[in-house]
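Peer 1: Sequence:
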Amino acid sequence: MTTVLSKQDIEKLLEQKPPLIEGLTSPDEQLQPNGVDLTLRDIALFQSPGKITTGNSQRVVSDLSPLMFDGLGFIHLAPGIYSITYNEIVHLPKDIMALATPRSSLLRCGVTVNTAVWDAGYSGRSQSLLVVYNPQGFQLQRNARIIQLVFFRLQNQTEGYKGTYQNENID
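Each residue of the sequence shown is one higher than the one before, starting from 1 at the first, in my numbering.
There could be a bad hint or two in this list.
For lysine to aspartate or glutamate, the following EDC-like pairs were computed, each having C-alpha atoms within a straight-line distance of at most 20 Å [said to hold, decoys possible]:
hint	residue 1	residue 2
1	94	29
2	51	29
3	12	28
4	17	168
5	17	42
6	94	11
7	7	88
8	94	119
None of these hints come from the bench; they were simulated from the model.
Given these sequences and hints, build the entire structure.
Peer 2: This is how it looks when you write it as structure tokens:
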């Protein structure tokens, strides 16, 4: 039976090698009753078109141009779309997958984050799409908590993620 992991389940998995998530900036704030908040590392503008085809050999991911935070770690974002990278590195065992949702405070400001599935067996520092709908724009600080990652234990272990983005953005 598939189950959602509780805070206590997550805490146990943070102690394993590798931990479920490494690089938590503030574990006391980030650990939630039903997941973990991920924080903002970088933000970038899209600079070129991308291309998805029937096979991965012709895939083209859009070029990005990093944006700079001010001296206090803030950035003002005009309405539009942005690529974001999280601080934390996720290491999913082969029997756990994850889904994310934006924090409700973002939604109350006219901002959302679009994400994909974190497949069982995936390791990496993920990226997502941040969309500012608010016509007045939005101010965002580096290291702010922006999504909650919710973990699901699978009924059976899988062979694990083997895609292009395995181990992405790990310095």
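Peer 1: Hint by hint, note whether the structure agrees.
Peer 2: Now the hints, each set against the structure:
1. 94 <-> 29: violated, 27 Å
2. 51 <-> 29: Measuring from Cα to Cα gives roughly 38 Å; hence the hint is violated.
3. 12 <-> 28: holds, 15 Å
4. 17 <-> 168: holds, 19 Å
5. 17 <-> 42: It is violated: about 26 Å lies between the C-alpha atoms, which goes past 20 Å.
6. 94 <-> 11: holds, 18 Å
7. 7 <-> 88: holds, 17 Å
8. 94 <-> 119: holds, 8 Å
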